[in-house]
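Novice: Based on the sequences and whatever the hints tell you, model everything.
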Amino acid sequence: NAGVTQTPKFQVLKTGQSMTLQCAQDMNHEYMSWYRQDPGMGLRLIHYSVGAGITDQGEVPNGYNVSRSTTEDFPLRLLSAAPSQTSVYFCASRATGSQETQYFGPGTRLLVL
Amino acid sequence: AQKVTQAQTEISVVEKEDVTLDCVYETRDTTYYLFWYKQPPSGELVFLIRRNSFDEQNEISGRYSWNFQKSTSSFNFTITASQVVDSAVYFCALHTGGFKTIFGAGTRLFVKA
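Protein chains in written order, with the working numbering: chain B, 1 to 113; chain S, 114 to 226.
Treat the hints with care, as some may be off.
[To be verified] Just some of the chain B residues that point at chain S, by a computed CB distance under 8 Å:
#1 Gly3
#2 Met41
#3 Gly42
#4 Leu43
#5 Val50
#6 Ile54
#7 Tyr64
#8 Phe90
#9 Tyr103
[To be verified] Below, computed lysine to any residue pairings styled on SDA-like, alpha-carbon distance capped at 20 Å:
#10 B:Lys9 / S:Gly156
#11 S:Lys213 / B:Ser67
#12 B:Lys9 / B:Thr96
#13 S:Lys213 / B:Tyr31
#14 S:Lys116 / B:Gln99
#15 S:Lys213 / B:Gly51
#16 S:Lys151 / B:Gly51
#17 S:Lys213 / B:Lys9
#18 S:Lys151 / S:Gly210
#19 S:Lys213 / B:His29
#20 S:Lys213 / B:Glu59
#21 S:Lys116 / B:Asp38
#22 S:Lys116 / S:Asn180
#23 S:Lys213 / B:Lys14
#24 B:Lys14 / B:Gln85
#25 S:Lys213 / B:Asp56
#26 S:Lys213 / B:Glu100
#27 S:Lys213 / B:Val88
#28 S:Lys213 / B:Gly42
#29 S:Lys213 / B:Thr55
#30 S:Lys116 / B:Pro39
#31 S:Lys129 / B:Asn65
#32 S:Lys151 / B:Tyr103
#33 S:Lys213 / B:Tyr103
#34 S:Lys213 / B:Arg68
#35 S:Lys116 / B:Met41
#36 S:Lys116 / B:Glu59
#37 B:Lys9 / B:Tyr103
#38 S:Lys213 / B:Thr96
#39 S:Lys183 / B:Thr96
#40 S:Lys183 / S:Phe167
Don't read these hints as lab results, they were simulated from the structure.
Backbone N, C-alpha and C define an ideal beta-carbon position, used for all residues, glycine too.
Specialist: If you want it as structure tokens, here you go:
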């Protein structure tokens with residue numbers, strides 16, 4: 001199993017550009033989520049999904065869109081990049097059930113100029 | 114409100130010293146789960162341990178041990194005989210019955226040779 005994969009590993013954008021961060025998992029997990037990590041702030045939830053076709057907002061959703069057409073994939077779209085979105089983005093997945101552990105992808109480092 | 118506090122921003126120790134990383138959580142739920150993750154300099158997030166609210170037994174895994182005390186809402190992590198490879202950022206996280214996991218801000222541990 002590859003676990004949770006993310007692409008790209010690193011991306012530089014100009015302000016106003018759009019892009020999609022890809023996330024895929026091969027563990028048949030229903031629950032997937034996107035976090036951003038900023039210095040001194042831990043991980044903050046952007047959006048999450050509890051299954052194909054179902055998504056919801058997390059703590060910091062503004063400026064991001066998600067969709068979940070399949071169990072495996074959960075892309076994160078930046079609509080119009082801003083310097084405040086410079087961050088490291090992590091995708092995670094877990095099986096259904098509050099006791100289940102989240103497994104994280106390797107992260108995408110995004111720099112918005 | 115749910116909250117995780119890791120009051121220690123950075124800790125520096127010399128190799129072979131013992132070190133304890135503090136984690137204090139807040140929740141009104143009676144069923145919840147606590148996690149510790151390690152983020153080494155390479156950037157990935159590595160799951161270390163999960164503990165549910167009904168199990169206050171301490172756990173030891175090699176040089177790592179965890180002390181869970183509901184009376185003080187704490188879930189502290191101790192590394193015995195620290196090594197340079199333990200240098201990382203460590204995150205404590207709280208998950209309750211919903212779909213959101215709350216992370217602390219993290220503690221950066223430096224272990225000097």
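Novice: Do the alpha carbons of Lys213 (chain S) and Gly51 (chain B) lie within 20 Å of each other, as the hint requires?
Specialist: Between Lys213 (chain S) and Gly51 (chain B) the Cα gap is close to 15 Å, so the pair holds against 20 Å.
Novice: Measure nothing beyond the straight line between the CA atoms of Lys129 (chain S) and Asn65 (chain B); if it is 20 Å or shorter, mark the hint as holding.
Specialist: Answer violated: Lys129 (chain S) to Asn65 (chain B) is near 47 Å, above 20 Å.
Novice: So, Phe90 (chain B) near chain S? Judge it on the closest CB pair being under 8 Å.
Specialist: With a closest approach of 6 Å, the Phe90 (chain B) hint holds.
Novice: Are the Cα atoms of Lys183 (chain S) and Phe167 (chain S) separated by 20 Å or less?
Specialist: holds, 9 Å
Novice: Given the hinted pair Lys183 (chain S) and Thr96 (chain B), is their Cα-Cα distance within 20 Å?
Specialist: Status violated; Cα separation ~25 Å.
Novice: Does Lys116 (chain S) pair with Pro39 (chain B) here, judged by a C-alpha cut-off of 20 Å?
Specialist: holds, 18 Å
Novice: Would the hint linking Lys14 (chain B) and Gln85 (chain B) be met if the CA-CA limit is 20 Å?
Specialist: holds, 11 Å
Novice: Could you grab the alpha-carbon distance between Lys116 (chain S) and Asn180 (chain S) and see if it respects the 20 Å cut-off?
Specialist: holds, 19 Å
Novice: Holds or violated: Lys213 (chain S) with Thr55 (chain B), Cα cutoff 20 Å?
Specialist: holds, 13 Å
Novice: Are Lys116 (chain S) and Glu59 (chain B) close enough, with their CA atoms no more than 20 Å apart?
Specialist: Distance of about 13 Å is within 20 Å: holds.
Novice: Verify the proposed pairing of Lys213 (chain S) with Asp56 (chain B), using a straight-line Cα cut of 20 Å.
Specialist: Within the cut-off at roughly 11 Å; holds.
Novice: Check whether the Cα positions of Lys9 (chain B) and Tyr103 (chain B) lie no farther apart than 20 Å.
Specialist: holds, 17 Å
Going through the hint list in order, the structure does not satisfy hints 1, 6, 7, 12, 16, 17, 18, 23, 31, 39.
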